[in-house]
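Q: Take a look at the letters that make up each chain.
Protein chains: 2
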Amino acid sequence: MQESKNIAVVGSGLVGSLLAIYLRNRGHEVDVYDRRPDIRTIEFSGRSINLAMSLRGWLALEEVGVAEEVKKLAIRMDKRAIHLPGKPLYFQPYGKEGEAIYSISRGVLNKKMITLAEKAGARFIFESKVWDVDLDEAAIHTGKSENESRMSARYDHIFGADGAFSRVRHKMQRQSRFNYAQEFLNTGYKELTIPANADGSHKLEKHSLHIWPRGAFMLIALPNLDGSFTCTLFMPFEGAHSFESLDSDIKVQQFFEKHFPDVVEDIPSLLKEFFRNPTSALVTIKCFPWAYSDKVALVGDSAHAIVPFYGQGMNAGFEDIRVLNNLMNVHENDWHSIFRQYESERKPNTDAIAELSFRNFMEMSTKTADPQFILRKKIEGRFAAKHPDKWAPLYSRVTFSERPYAEALAEGDRQRAIMDRIMEIKNIADIWDSEEVEQRILGLLETTVPAEMWK
Amino acid sequence: MQESKNIAVVGSGLVGSLLAIYLRNRGHEVDVYDRRPDIRTIEFSGRSINLAMSLRGWLALEEVGVAEEVKKLAIRMDKRAIHLPGKPLYFQPYGKEGEAIYSISRGVLNKKMITLAEKAGARFIFESKVWDVDLDEAAIHTGKSENESRMSARYDHIFGADGAFSRVRHKMQRQSRFNYAQEFLNTGYKELTIPANADGSHKLEKHSLHIWPRGAFMLIALPNLDGSFTCTLFMPFEGAHSFESLDSDIKVQQFFEKHFPDVVEDIPSLLKEFFRNPTSALVTIKCFPWAYSDKVALVGDSAHAIVPFYGQGMNAGFEDIRVLNNLMNVHENDWHSIFRQYESERKPNTDAIAELSFRNFMEMSTKTADPQFILRKKIEGRFAAKHPDKWAPLYSRVTFSERPYAEALAEGDRQRAIMDRIMEIKNIADIWDSEEVEQRILGLLETTVPAEMWK
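Top line first, the protein sequences correspond to chains A and B.
Sequential numbering of the first sequence, starting at 2, is according to the numbering used here.
Sequential numbering of the second sequence, starting at 2, is according to the numbering used here.
No lab work stands behind these hints, which were simulated from the structure alone.
Computed from a predicted model, the values in this text were never measured in an experiment.
Each residue gets a CB set at the ideal place from its N, CA and C atoms; glycine is no exception.
Take the hints with a grain of salt, since some may be wrong.
The following label-pair restraints were derived from C-beta to C-beta distances [what the hints assert, rightly or not]:
#, chain 1, residue 1, chain 2, residue 2, range
1, B, Ala418, A, Thr448, 18 to 28 Å
2, B, Asp414, A, Gly444, 21 to 31 Å
3, A, Phe166, B, Asp133, 35 to 45 Å
4, B, Asn187, A, Asp135, 23 to 33 Å
5, A, Arg178, B, Glu333, 36 to 46 Å
6, A, Asp135, B, Trp132, 20 to 30 Å
7, B, Pro389, A, Lys252, 51 to 61 Å
8, A, Ala154, B, Glu364, 45 to 55 Å
9, A, His208, B, Glu447, 55 to 65 Å
10, B, Asp133, A, Glu138, 36 to 46 Å
11, A, Thr448, B, Leu376, 20 to 30 Å
12, B, Glu138, A, Phe166, 34 to 44 Å
Just chain A, with the same shape it has in the complex (with noise of 0.2 Å):
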């Protein structure tokens, strides 16, 4: 019989929010704290990329019951839009027939997720930093500055949902032997805007993930319900094409004239958006242990930041939560048990996610105009049409499968050893739907593990 806990929840984030709704479905008391006023009352920030929900993100949300609500949020997309200088405009499927992605604002989306919680019984205190947090005790004190008077909190347990600098991580960190690494990318985004068109219709293909790979730098697009599209453009911070060196109207003006012709004309507030708007930093943060005795545990970014090139963060985040919930089934009062192997099954798949997601940034921002990159794609696609038992994308791994991530990062890696033998053939690029590739390939697939053997 599971015994009904007070719970603190910190941070009223997407992740936050969704565990709220589960632990009040267990029937626990649940407070979550947010240092920031209510989003729901406030205009949402201009510094955030539209999230990409995917098979790990739904799941998350009809374990509860509120994927149809959320799904009214999204625009589906099913597809790349892939935008390249003098050619044509071209579509690369994500999936199989009637597989897809969808696009959801982040703002929007958060404020779905509290009243769902609010509607689930959750208490909210907005405006109530964490300053600091007991571990033993699992007790907190907030306030709203530092000066002002402390509340303090004692609860049976703590989750730390507060995001990529959590405080409550920066508490724990100060325990001896507390693995922890932050690493920034040279490379920064910048939020822009695609208005509706007068009618309400949006200016690009509407069920697309638009991208216009560029090297070292890349835009995309996300379309949002209202007719618009988040765009986002991915930069170094410095250097030749580089933020610091886009330092002037005519400048901004100049490069996105040159280098994104087809779209230029429909961001209008392109120099006002691209000098208001911040310019925001990548980082991947990856710490262990994730837990505090059976005291306090970390979820979402707080325990694993990546980087956006999967579209994996907040799915990676949502599925922390459904695995917990899956553990709190098993060893039900036996929170020890629950910590422990929350932490250590998660781990290693967080820590795959991590590594695909920078992997991708180098695909998306170069690769996807190689030939080579491009021939490699066709010859895979081929063979995993004819051979769809054999021949699971790894996209499709990440994004349409509830497979562990490091399952879909090992067995990935098979793929690629063994496609860069098939392309070292000389004359690939003739016979690369040949008969003699595909035996190749099936002779290459068997001589090699498959990743789910060794786990």
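Following the hints, position chain B against chain A.
A: Below, chain B without anything else, positioned relative to chain A:
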């Protein structure tokens, strides 16, 4: 013409003291702060591994004319003495005739370095903790405790030589886009002592670094001038053979009698030391950048703490100082260029020695007892002796050379790939010293590119 500057060095350890000597020799005013009392006035802590000074360390000392004086404190070690259970003791020379590393007690050396720095005119301010650093102003705020009145002092430049858990680096960490990683081994260590014989002589062969490799754990012993040996037991914190499991006198005694029967009698205070001395953690720390503007720079462990298994921690820190000094010769008063080139030149090399040190942990504890590994080393040794121009052993590149660590790592990887191929030869154990194997290595060397070429 070089201008004299006012410079603060935070930390009076080995690297801080050496830096103070260098800076004084260049005509700067130098204040060295340390939160601890003067080490010359106190008993040393009992949580140290003896140092192994090798070429890089000696070169840095020679350049300021203190090598001879330090050598008086050191004992030459020209070989490993390997103690395997049930087998006769055997010796592995570290290098060629005349090459050796030198055992020095950390405490003894630190006292000498402070005295040498004082003699050079550096001011030491002990029991003065740096609570805060103003990076833009190069100002430090010090005091005996957090509540007592603080002193502030402004300098032209500040160096953080305050070790793995550096306060100066902590302040630099708050910048955006500061990369940082701390990773602990699951293995810890404990100091033990083999005292001298009654006549002051050493109980074990004096000119050797003694190793008792036992797989997951390992004992080492380094000689001291007074006839004693400083021993270090490396062992996992938790698990079957672990510090956690050895929780009683009888368990410790039985453990040593079983695994180290040839030396247990030589550690008369085993039980007392085992339970009195702390169990210390081993950490690798990486960060970047190492410098802030032309104001503040990190040196030694504060920039790059490594695990001790290559005996290069102090050597790498001393080499930082020699590199800095060379850059001060080149760039004179342009401290901005000094710091930029210092961090970009040193970072790949300290990353390389971090990796090599971690790998040597595996090698020392497990592989030194593995027949395949011993055969591999014999083949390499034979080839290196016949072709010294073609095959400098990795250990020698790290220990007896001043070429960059990154080159040693790359060249070591190339050699390892070649030896992997050689060890695949079916009857290698029978033909290891044949002309055929030698020719095969020569052939493989010709078809791969040495690391020097692409540097």
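Q: Hint by hint, say whether it matches the structure.
A: Hint check:
1. B/Ala418 with A/Thr448: 18 to 28 Å: 21 Å, holds
2. B/Asp414 with A/Gly444: 21 to 31 Å: This hint holds: roughly 30 Å between Cβ atoms.
3. A/Phe166 with B/Asp133: 35 to 45 Å: With Cβ atoms ~20 Å apart, the hint is violated.
4. B/Asn187 with A/Asp135: 23 to 33 Å: 27 Å, holds
5. A/Arg178 with B/Glu333: 36 to 46 Å: For glutamate 333 of chain B against arginine 178 of chain A, whose Cβ atoms are near 44 Å apart, the range 36 to 46 Å holds.
6. A/Asp135 with B/Trp132: 20 to 30 Å: Distance hint for aspartate 135 of chain A, tryptophan 132 of chain B holds at roughly 24 Å.
7. B/Pro389 with A/Lys252: 51 to 61 Å: For proline 389 of chain B and lysine 252 of chain A the Cβ distance comes to about 57 Å; the hint holds.
8. A/Ala154 with B/Glu364: 45 to 55 Å: Roughly 51 Å apart at Cβ, these two residues keep to the hinted range, so it holds.
9. A/His208 with B/Glu447: 55 to 65 Å: Holds - the Cβ-Cβ distance for histidine 208 of chain A and glutamate 447 of chain B, about 56 Å, lies within 55 to 65 Å.
10. B/Asp133 with A/Glu138: 36 to 46 Å: 29 Å, violated
11. A/Thr448 with B/Leu376: 20 to 30 Å: 28 Å, holds
12. B/Glu138 with A/Phe166: 34 to 44 Å: 26 Å, violated
In terms of the numbered hints stated before, the structure departs from hints 3, 10 and 12, listed from lowest to highest.
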